[in-house]
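Asks: Fit chains A and Y to the given chain B structure using the hints.
Chains B, A and Y, in that order, give the protein sequences. Residues in the first sequence are numbered consecutively from 1, following full-length UniProt numbering. Residues in the second sequence are numbered consecutively from 1, following full-length UniProt numbering. Residues in the third sequence are numbered consecutively from 1, following full-length UniProt numbering.
Worth flagging that the hints you see were computed from the coordinates, not collected in a lab. Just so you know, even glycine gets a beta-carbon here, dropped at the ideal spot from N, CA and C. Fair warning: there could be bad hints in the mix.
For the chain B half of the interface with chain A, some residues (derived, Cβ under 10 Å), not all of them [stated by the list, open to error]:
#1 R117
#2 R140
#3 V142
#4 N213
#5 N291
Derived Cβ-Cβ restraints for the label pairs, each shown as a range [to be verified]:
#6 Y:A309 with A:D397: 25 to 35 Å
#7 Y:L305 with A:E420: 47 to 57 Å
#8 B:F12 with Y:E204: 22 to 32 Å
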Amino acid sequence: MRNLVRANTTEFWLILVILALSLFLSAATEQFFSLVNFTDLMNTSAVNLIFAMGLVVVLIAGGIDISFAVAASVVQYVTALALMSLGGGNWALGFIIAGLCGITLGAVNAALIHHFRIISIVVTIATFNVFFGLLMFFTRGVSIYNLPDWWSARIILWEQETASGAWAELTLPVLVMSICVFLTWMLIGHSSTGRQLYAYGDNPEAARRIGINEAAMQYIAFGWLGLMTGIAGLMQVNYAQEVVPNALFGRELDVLAAVVLGGARLGGGRGTVFGCVMGVLLIAIAENGLNLLGVSPYAFKMVVGAIILVAITLSNLSLDTLVRQRT
Amino acid sequence: MAERAGPGAVLAMQRVSKTFGGVKALDHVAFEVRAGEVHCLAGENGSGKSTLIKIATGVYSADPGADIRIAGQRVAAPTPGLARRLGIAVIWQDLALFPEMTVAENIAFETLLGARPRLASQRRLRETAQRALDRLDVALDLEAPLRRLPIAKRQIVAIARALVGEAKLIFMDEPTASLTQTETDHLLAIVRNLAAGGVAVVFVSHRLAEVLEIAGAVTVLRDGGLVGVFPTAGMTQSRLTELMTGQTFDNAVAARDRSTAAPVLEVRGLTRSGEYQDIDLTIRAGETVGITGLIGAGRTELGHTLFGMTRAERGEIRLHGRPVAFRSNKDAIRAGVAYVSEDRLSLGLIQPQSIADNLALPVLDRLLSGGLISPRRKAELVDSWIRDLAVKIGKPDDPVSTLSGGNQQRIVLAKWLATEPRLLILDAPTVGVDVGARAGIFAIIRKLAEQGLAILLISDEAPEVHFNADRVLHMAGGRIVGEYDPRETSLAALERAVYA
Amino acid sequence: MMAWLKARLGAEVLGLGLFLVLVVLVFSFASDRFLTAANFGSVAVQLPELGLLTLAMLLPILSGGLNLAVTYTANISALTLAWVLQANGGPEAGFGAFVLGSLLALAVGGAAGFVMGAVVAYSRAHPILVSLAMMIFLRGLGEYLTRGGDISGFPDFVAAIGHGSILGVPAPLIVFLACVLLWQILLGRSRLGFFTYMVGSNIEATRYSGVNTKRALTLIYTLSGLMCAVAGIVMMARFNSVRVGHGEAYLLITVLACFLGGVDPFGGFGRVTSVLLALVILQLLSSGLNLLGANQHLSTAVWGLFLIAVMVLRFGWKRWIEMRRNGT
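One chain only, chain B, in its complex shape:
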């Protein structure tokens, strides 16, 4: 147990902070500790969590990706056009097209990184501009509202009327998110491939010498993020019920902040699914709590930014660095 806490200090602190925040919000507001609020939180966080599951794998493998959010917009557009030309399609087809499209865009990043030895931040900043620029150019910024019914329909998997008369409900994105979380957990925590990804991110030179296939690592990491990107794009459309080409612009940095808050390290080798979920939830709960407390929506981001800034300062100023700096 002590080892568990020692090895996962960030996760441990996150739980404490989330518990404290939840206790405070439960006491300060009536609505926070309610089934309706909880399901709302899950529904709104689902897409970010799916993105986070992909990004954490890339971070663990020692890379970074700035392009995934606009890649998701590309996926949405391509999928919408493909489905329309196929006469509507269905969920299975939607997942296949979106997934393949996402994986392809991820593979483009991986190929540039691996075969031309360009570091991931340079590659993905370039592809960010390419993906977004081409998308806006070809679509002229026009949104698609005329989507197949199955795609934009709100699918409620579970619902319950609460005492207050409001309905608590969980929608499809939550189920899909749970599956993605489970699969990512299996991949990075419990499969040999996942452990190779950790090793590769931790010490690439040592990984090469022990016989880990570098190309495979890049393609798996960025391919997985691509897959998650495709699925997240699909789910975001289901949630928003429209395809807006610049809807996800800027989302990459929000997800990145949440994932790194959850203990993943820029530079590789560290990060867990659990921490990642905690990171996304902490930000979601903070926004949700501010909303319930009646704080102006304009102030949300400011407070969230301040929370992240303080959190990373404190989590990096661990006790031993403080002691070392004093001496």
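Replies: Then chains A and Y, alone, in the frame of chain B:
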């Protein structure tokens, strides 16, 4: 020089060359090792030992024309994965471990390799790792992340990793660098055991006594070329050194009596818990005091405090009789203390930056003219030091990383001498410096001492301090446990005290 | 001739210079309006905004970090100036109010940079993360204070600064070139500039050499923040209004421009001149495409492709040199 070939060779390499950026690191080298043999690979730093190991294990690819056979089979293009599958394991000099992963994962990583994804069984990892540790007869917390382990324990993890699986050939590149004598003896026993069981072991160590004790034959490399293959029977340390360097050395004790000179540094009762305790130390003008001891004895930590990088909890430091309390190494430099780090690659120099910039860094304030750096003054500084210390360089604008270890160390010395120090702390000044170039470094140091500089020479090589210091202190477990006068004590006695 | 140029300017500047010539040639054949004063005039007007933000990004990248808060730092600084002007009568505000507002804007930008620098230096948190959090904070702060709207209604001389020119050179361009010169001196000749490169290559080795690296890092980000404030003021003068989110799309372009200019993504290497060249190339590409009927979005995509092409060429060039060296 024995001509050996044919069956029984686990690894046979012919005509191996390797060029890096126009420089030949290896030139038509042949190397062969047989089953059940302990074979030593000897040579100075930069002679090509590590490059040869990396080619044999597929980390580097050899220049065209090489012929590499593993277990009799010609291998056109070895890769690390292929080498491993063919039964080659390596203990790397830099250990090549994964700091964020657990001890068990580091040792038994082999069970996680392969392209086919499968469940990673923690139980199997632990069992495999435990078996390897049992062979070494050491206990480690298998679940601890590697980054929490001290360097000596990490070395054991690296050794244990090589013992996992059924290796037919194990390369051991400086496996004993941070081990105590007991641990070393244990490792040597295991090596003998492995050899008796038919495993071939290629052993690289700078402790030549160890090499001659364990190996049956030795392949000597010099400047990327093959000197020859020799049996160790009848070989002496001095003969081996001669083969490695192409020069003969007669070491003489350089110690002089400086007990009448004025003290420069006086340390009383210096303590920093967990690092060093109750250190009393005096260094006089023109005196060289050596501190030796095993890695982890607290030598470097003491050096850090004297240089203002850390603060002692108790005790007193006086410079020229006045007590000092450094808030940072900047204060220490201003007070006339300079520190040559043991880690030249990552702390001593800024490798990718130019020779000129590295030299200018600690004395930048003196190069300012009207608040801006004067290129003329900078060029003058660089020219004069390169001339003074006879550094062989191309252009001052070349990156430091293009220089040899010996010349890099001269740049480090120049950079610190430019600050006009009164006390020079040298922490392992010859790590990664050729035997041949070491003499040049020590000649400079001796000249500095003659000019009145007080020098603290820290080294884990007992001979180095024995021959170059005026007095030798032995440090163990954070304390100074003995003092020796090289003129009265033999090197053998000092080594017995340090390594026992 | 080539060898002489290469020795004088360095391979990076020479390579980018050739690219510049190529871009000019291609577009002057493709459009007869490319080689006109009007076109270069519009380039000269567009260059400063992106250019000043890129200068703000350059220092942190050279030190081995990144400042993702450049655009919002610029916005917040401009907001500060806007309020000072409004508090002093809006359109009737005097020049004194403008000077005071500008100084306060610089103070705000510098303060944002100082906080980032101090956190990066003392907590050793990754600069991407620190500046990202600062960016989210500043964006939120700005949106909260402006309620997402525009602030306008400035005295006439503000617009004159944004659109005026001295001896035919647009005023923003003069400001930009002055800042380029300042950065050139800072990085080439000053102590802090020297430390920036050293810290970027190896911060621990720099600390061992007696440099107060914490102070250096704090100063680097503070200067970056100050440059953001200059960019914010210039943008305000150009648009004659302030809105949080102005120039948001420039954020990743500034990073792209630095990489294109041969700045090492890990820090330690990079020159102001080559970054300036990269900026000019980007603007010429964009104006050329514009003349051919494309919009800014296509230019953005081409910029991305251009960065990939340059990186691939650099990779190929290095390989080729290695092969040639090993061959002989």
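Asks: Which of the stated hints cannot be reconciled with the structure, identified by number in ascending sequence?
Replies: When the structure is compared with the hints, numbers 1, 2, 3, 5 turn out to be violated.
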